[in-house]
Structure formats: C-alpha cells, structure tokens
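Asker: Here is how the chains run, residue by residue.
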Amino acid sequence: MNRLHPLSAAAYALQYGFLWLSVASILTLLLGGIFDAIESAWVSLAAPVGLVAGAAYGIAYYYRFEYGITPDTFDVASGVLARRSREIPYERIQNVDVRQGVFQRLLGLAVVSIETAGGGSTEAALNFVSESEATRLQHQIRTRTAEVKDRRRGRGRPDASAADERSPATDEASSDAETERTSAATDPDEPAPDDDGPTAEPDSTDGTTTSDSDPVSDGRDRVAGPDSRGPRREQLFALEARELLLYSFTSFRPAAAAALLGLFFFATDLAIDLLVSAARPFGGPANLGEGSPTSYGILTVVSVVNGVVTAYVLSVVYTFAAYYDFRLGRAGGDFVYERGLLQRYSGSIPVEKVQSVTVTANPLQRLIGYAGLWVETAGYGPESDSGGSQSAVPLADQGRVHRFTETLTGVESPRFRSPPTTALRRYLARYAIVAALVVAAAFAVAQFTPLERWYLAAVVFVAVPPAAYLKYVNLGYYVGEGHLVVRRGFWKRKTTVIPYYRIQTVSTRRTVFQRRLGLASLVVDTASSRSFFWTSPTIYDVDLKDARDVHGTGRKRLQTALRERARADDSGLTIDFT
Amino acid sequence: MESLHPRVRLLWIAQEALAAIALGVGLAAVDRWLVDVPTVALGVVVALGFVLGVAYAVRRYGVWRFEIESDALYLERGVVTFVETAVPFVRVQHVDTQFGPVERVFGLSSVVVYTAGSRNADVRIPGLTPERAERIQDTLRQLATESDATDAV
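In order, the protein sequence lines correspond to chains S and R.
Anchor point for the first sequence: position 432 equals 432 in full-length UniProt numbering, and the numbering is continuous, going up by one each time.
Anchor point for the second sequence: position 56 equals 56 in full-length UniProt numbering, and the numbering is continuous, going up by one each time.
If you are wondering where the hints come from, they were derived from the structure by calculation, not from laboratory data.
Check before you lean on any hint, since a few could be wrong.
What the hints assert, rightly or not - Okay, the calculated beta carbon distance ranges per label pair:
| no. | chain 1 | residue 1 | chain 2 | residue 2 | range |
| --- | --- | --- | --- | --- | --- |
| 1 | R | Leu18 | S | Phe265 | 36 to 46 Å |
| 2 | R | Val102 | S | Leu456 | 49 to 59 Å |
| 3 | S | Leu544 | R | Ala55 | 16 to 26 Å |
| 4 | S | Ser292 | R | Asp31 | 43 to 53 Å |
| 5 | R | Arg141 | S | Arg136 | 37 to 47 Å |
| 6 | S | Lys556 | R | Val80 | 21 to 31 Å |
| 7 | R | Gly62 | S | Leu470 | 38 to 48 Å |
| 8 | R | Val80 | S | Met1 | 29 to 39 Å |
| 9 | R | Val35 | S | Val52 | 57 to 67 Å |
| 10 | S | Ala255 | R | Leu18 | 34 to 44 Å |
Since the model is a prediction, treat every value here as computed from it, not as a measurement.
Using N, Cα and C, we set each Cβ at its ideal position, and we do this for glycine too.
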C-alpha cells in the first residue's frame with residue numbers, strides 16, 4: 001500500500017487544524033453565552049488546543065490513508081477512527097481524472113479521482129499525489145484494466161468468426177459528401193500533418209467500398225509525440241489557437257452569469273456604484289435616489305447591457321482558461337485528454353465505457369460552420385461541465401467533426417427524418433400560449449405600477465412563428481443500421497448517436513395534447529449520468545406509428561447487437577477517430 | 001397484458017382522499033391567517049378535488065398494464081401522459097419488492113426494477129399481491145441472469 005505525497009500531510013494538518021480551531025472557538029463562545037461556568041475568554045486557550053488537535057488529526061489522517069494497486073482491484077483504505085476500505089474492480093472503473101490547480105502545479109502535485117458508474121460522488125479521490133505518481137497511477141490502472149479485459153476475452157472467445165460484422169454501409173454515400181470533400185481540402189490545419197490516415201479518410205466515403213475502420217487502424221502505430229507523458233500515447237486531436245479562440249468567443253456558459261450574480265451579492269454596494277457611474281455619461285441618475293423616471297430607465301438599460309457584456313467576457317475568459325491547450329490522445333484502449341491554463345485537468349476514458357456520442361453546436365457556431373464533439377460515460381465527475389459528458393473535440397470544423405463522429409461510432413451519414421407538420425402546429429400553439437402569458441403578466445404589472453400601454457407587450461407574438469419554426473426544423477432522427485441518431489434543439493443543437501447496444505430503456509410518451517394530434521415522443525435512455533442540462537435523448541413529436549416502429553426497432557436491434565457483440569467482443573467504437 | 005390488482009383502486013382513492021383533505025387543511029389555513037375563504041367554497045373545492053382524485057385513480061387503474069415479454073418487461077401507464085416503456089432484461093441491475101405502510105394495510109406490494117439508465121432508472125409496478133410480486137421478482141431475476149451478457153452498463 002502507498003501513502004499520499006508527504007506534502008498532503010501538511011495540507012491535511014492545515015485544513016483540519018483551521019477547521020477544529022474555528023469549531024473550538026465557536027463552541028466556546030456559544031457555550032460561554034449559555035452557561036455561566038464557561039468563560040468566553042477561554043477562547044484564547046481553546047483555539048490553540050483546537051489547532052493542535054486538528055493538525056494532529058490531519059497528520060493521522062495522512063498516515064491512515066493508504067491506496068494500492070492489486071492485480072484485480074484498486075484499493076483505498078482511509079479513516080482515522082472509523083476505517084473504510086474500498087476495493088474497486090478495474091473493469092468497473094469508468095474514468096480516471098487528474099486535476100492540478102495553480103499551487104498544486106507549482107508544487108508538482110495532483111489530485112487523482114477514480115469514477116465508477118452510479119453513485120453520486122467520486123469513488124476514490126487521492127489528495128494529493130506527486131505528478132509522476134499520478135501519471136504512473138493513470139498508466140497502471142489503464143494497463144490493469146486492459147489485462148482484465150484480455151483475460152475476460154480469452155475466456156469467452158471460442159468462435160471469433162463474426163468480427164467486424166458492423167462495418168458500416170459506406171456505399172450509402174454520404175449526403176454531405178460534398179462538404180466532406182471541401183473540408184478535406186481545407187485540412188492542412190490538421191493537428192497531425194505527418195499522418196495521412198485522417199486526410200485519406202473522406203475519400204473512402206465517396207463511393208469506394210473500403211471499410212471505415214481499416215485505413216485508420218494501420219499506419220497509426222507510430223511512437224507518440226514529444227509531448228506525451230506515458231510511454232505509448234498518440235495524439236488524436238489538439239485544439240489549435242484559432243479553434244480555441246473561436247470556441248471561447250462562441251460559447252456561452254450559464255455558470256458565468258451565476259458567478260456574476262454571486263459577485264453582485266458579495267459586493268453589492270461596489271457593484272451598484274459601478275453601475276451608476278457607468279450609466280451617468282448616457283444620462284443616468286447622478287446618484288441613486290435622485291433621478292427622473294427616464295434616467296432610471298437609462299440606468300436599467302445600461303446596467304443590463306453591462307451585465308450581459310460582463311457575463312459574456314467572464315464566460316469567454318473561463319472557456320479560454322479551461323480549454324487552453326486541449327489535447328486528446330489515445331493510450332491503448334483509452335481516450336486520454338488534458339486541458340487547462342491555470343488549473344490543469346487530465347483524464348482517461350476507456351473507449352468501451354463510452355455510452356453515446358453527441359455533436360453540439362449553438363447558432364453562432366453553426367453560422368461559422370463549426371461544431372463540438374462530446375462523449376458520454378456513465379461515470380459521474382463533479383467537476384466535469386455537464387455530468388458524465390466529456391469533450392472529445394471542443395470545437396472544430398463541422399465537416400471534420402462529422403467525419404470524426406462517423407469514424408468513431410461507425411455510423412453512416414444520417415439522413416434525418418423530420419416530425420410531421422402537425423408537430424409544427426403544436427409548437428405554434430405552445431409558443432402562442434407563452435406569448436399570451438407574457439402579455440397577461442404585462443397587464444398584471446400595469447395594474448400595480450404606473451406602466452401604461454401594457455398591450456404593446458403583444459409584440460412578442462411576432463416571435464411565435466419563427467420560434468416554432470426554428471424548433472421544428474432542428475428536430476430530426478435517423479434509424480440507422482447500428483445506431484439511432486437524434487437531433488434536437490435550436491440554442492444548443494445536439495445530435496446524439498446512440499449505438500443500439502447502449503440502449504437501457506425505451507419509452508413512448510404521449511401527453512393529452514399529443515394524443516389529440518396523434519403524435520408521440522420516444523425517450524431513448526442510456527446509462528449516462530443524470531444531469532440538469534443533459535437530458536435523455538428524445539425523439540419529439542413523431543407520428544405514433546413511427547414512434548412505435550422505432551421503439552420496436554430499438555428493442556430488436558438491442559438484442560441482435562448484444563448477441564453479435566458477445567460473439568465478436570467488439571466495443572463498436574474506433575478509437576482512432578480523427 | 002396483465003392488469004394490476006383491483007384493490008389498488010382503493011389504495012389510490014385513499015391517497016387521493018388524503019390529498020384532498022390536505023388541500024382542505026391548506027385552504028382552512030389560508031382562511032384563518034390570510035384571506036377569508038367562504039366555507040361553501042372550501043367544501044366545494046375539497047369535494048371537487050376528491051371527485052377528480054377518484055376519477056383519476058379509477059382511470060389510472062384502467063390504463064395500467066404490464067407484461068413480461070420474451071426480451072423485455074413492457075409497461076403501459078399514465079393518465080395525463082401515457083407512457084409505454086420497455087425495460088430489456090439485459091439491462092436489469094436489480095429487482096426489489098417493496099411495500100409501504102399504506103400498501104400493507106391494503107395487502108398490496110410493489111416490484112421495483114432498477115436499470116443503469118438516467119431517466120427511467122427505476123420502474124415501479126404497484127398494486128400487486130405479495131405473492132404475485134415475489135413471483136415477478138423471481139421471474140425477472142432469472143431472466144436478467146439468463147440474458148446477462150456483460151455488466152449491464
């Protein structure tokens with residue numbers, strides 16, 4: 001069994017020392033207020049005692065925390081008084097993440113977290129180990145996992161005949177072969193120019209019947225670049241400066257707005273002063289409390305603009321810092337990624353733990369022809385942006401991302417089917433109700449404030465048809481040979497590729513309104529983490545008959561795909577997807 | 001397709017009645033501390049709530065169906081939103097039988113099927129006699145282990 005880095009003893013001592021110091025002080029003051037026998041002046045005695053006891057506890061915690069790598073499991077034993085020992089089988093590990101904050105980087109330390117499926121928190125967190133130990137752990141866990149997998153494969157493979165059954169129908173030539181070719185032409189900014197695998201790739205989709213996975217897998221066994229940390233590590237994708245800037249400027253993080261609000265509550269007076277002085281040149285009130293209705297109006301407008309701009313700048317800065325120097329590589333059967341300017345993240349995701357793959361793009365990114373690629377696992381990382389999703393390619397040219405997706409999953413180019421136009425009627429009605437509510441709210445406000453002409457709010461009705469239309473045109477689904485592809489959303493359009501063998505449950509849902517129109521929504525659930533922003537892939541508002549068809553197809557193909565996989569023992573994903 | 005035990009209607013009606021009473025208590029509290037609520041209106045709201053609740057419970061029973069098919073557990077349910085769910089046996093992580101205090105009064109119990117999914121991670125079949133629930137649990141467990149291909153994730 002190993003111990004953590006000796007510096008973590010100091011960190012724990014400090015942490016527990018100050019925790020116990022404050023607890024002891026507060027308790028003394030509190031009890032001193034209640035009981036006469038206890039003097040509040042004892043704080044000067046209780047505080048150092050708390051500090052020393054806490055520091056001792058921290059050091060004891062360090063000495064009682066042990067982890068180790070055994071042939072089958074990763075073991076962690078911890079606890080000073082109540083002991084807990086945990087064994088995590090390698091094959092259950094979803095991902096291994098390494099995080100380094102600014103100070104930790106200066107001291108050469110790292111935090112390693114190991115995630116398994118299920119459970120609300122990280123299964124094992126090592127605070128802190130040295131950088132080299134973190135790399136060693138990541139590497140060891142990866143190799144052990146591969147060994148376990150090989151052993152299992154060796155047991156269950158009497159007939160390895162049906163391998164590579166799922167070679168995708170490449171002759172169903174992609175509808176956007178045109179875009180593929182153009183993107184191939186603009187490919188000199190490929191991250192690995194010495195490698196002809198990816199650039200040769202689009203040609204195979206142009207009608208020749210070469211299999212999708214073959215040209216990639218050979219010519220790839222080269223030694224890793226100079227930047228790699230592990231011994232066998234190849235780079236798949238690196239975010240270039242241009243892509244990083246585009247990604248920073250085109251993504252909007254709600255967290256930035258939340259952070260701004262937090263700041264506002266933290267320093268309200270200062271913020272209000274700043275806002276007032278910012279609005280003054282535009283005709284805002286000279287001081288808060290002495291102004292006309294017009295100047296207050298100007299103050300409001302200027303403040304809103306200020307808030308939006310500041311939130312946007314925060315979001316740009318955050319994205320830039322978080323995704324600075326993003327690189328994705330492979331090491332054996334795992335994806336490994338690292339990113340971050342100040343705080344450095346790195347992690348590994350076993351490719352066979354990937355549940356589904358999603359291409360995202362917001363309107364701005366679609367306008368400039370870019371998109372991002374995310375992979376979902378069932379592991380839960382508290383510090384990952386959106387539950388179990390990890391960015392594989394934060395942003396790249398749309399054509400490239402589509403090609404990556406097709407190579408990674410082996411899905412053919414989807415020809416999306418749209419929901420029937422009755423769905424459009426539904427959205428018109430829905431948004432009209434929303435607009436009516438807005439007008440009603442304006443009316444209600446007008447009753448209690450001097451606001452006049454509340455009926456001008458009816459202008460929101462103008463937005464109803466475009467909103468309904470945009471919602472409608474972004475919906476689409478495709479029932480492929482081995483995958484289900486679901487596209488939805490205007491503000492953040494998500495195109496999710498779900499291999500049939502990853503389906504957990506399928507549900508056809510019909511609300512009263514949908515039943516009236518003969519529509520249904522199909523929820524295809526996979527084992528990804530529950531999260532607020534990342535809902536289960538849903539095919540919205542298709543004809544009931546189609547929904548039932550897809551429901552049945554999904555169920556049937558899940559069974560056949562599982563049988564085939566049991567025979568071929570194929571993860572279904574091509575790791576060299578770039 | 002199998003229906004639930006008819007007695008589950010009584011259970012649900014009892015639950016709805018409790019909800020209607022809670023609504024009445026809430027309205028009485030509003031009457032006491034906030035604004036005057038006429039006693040007649042209070043009575044009407046509670047009665048209406050109860051009637052709607054009974055209708056909902058009866059309809060819910062009428063709609064609920066489930067079946068153990070060759071590859072999956074199939075369920076149909078929902079009054080406002082009608083949902084048809086298929087839970088493939090390969091995906092079953094574990095199966096519980098549960099019965100709460102109210103269910104016990106009516107001599108009923110539920111089977112809960114857990115999957116690794118995110119949205120329908122637990123699927124509950126309510127309103128079963130304890131024997132039936134146990135039989136379903138056994139069947140599902142057998143089918144789940146038979147069809148076990150990998151680790152169900």
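Asker: Hint by hint, say whether it matches the structure.
Answerer: Hints, one by one, checked against the model:
Between Leu18 of chain R and Phe265 of chain S the beta carbon distance is about 40 Å. The supplied range of 36 to 46 Å therefore holds. At about 53 Å, the beta-carbon gap between Val102 of chain R and Leu456 of chain S stays in the expected band of 49 to 59 Å. A hinted range of 16 to 26 Å for the beta carbons of Leu544 of chain S and Ala55 of chain R is consistent with their spacing of about 25 Å. Taking the beta carbon of each, Ser292 of chain S and Asp31 of chain R are about 44 Å apart, inside 43 to 53 Å as hinted.
Taken as a hint, the range 37 to 47 Å holds for the pair Arg141 of chain R and Arg136 of chain S, whose Cβ atoms sit roughly 42 Å apart. At roughly 30 Å, the beta carbons of Lys556 of chain S and Val80 of chain R sit within the given window of 21 to 31 Å. Distance hint for Gly62 of chain R and Leu470 of chain S: a CB-CB separation of about 39 Å, consistent with the stated range 38 to 48 Å. Taking the beta carbon of each, Val80 of chain R and Met1 of chain S are about 56 Å apart, not inside 29 to 39 Å as hinted.
For the pair Val35 of chain R and Val52 of chain S, the beta carbons lie near 60 Å from each other, so the given range of 57 to 67 Å is met. Checking the proposed 34 to 44 Å range against Ala255 of chain S and Leu18 of chain R shows it holds: the Cβ atoms sit about 41 Å from each other.
When each numbered hint is compared with the structure, a violation occurs for hint 8 only.
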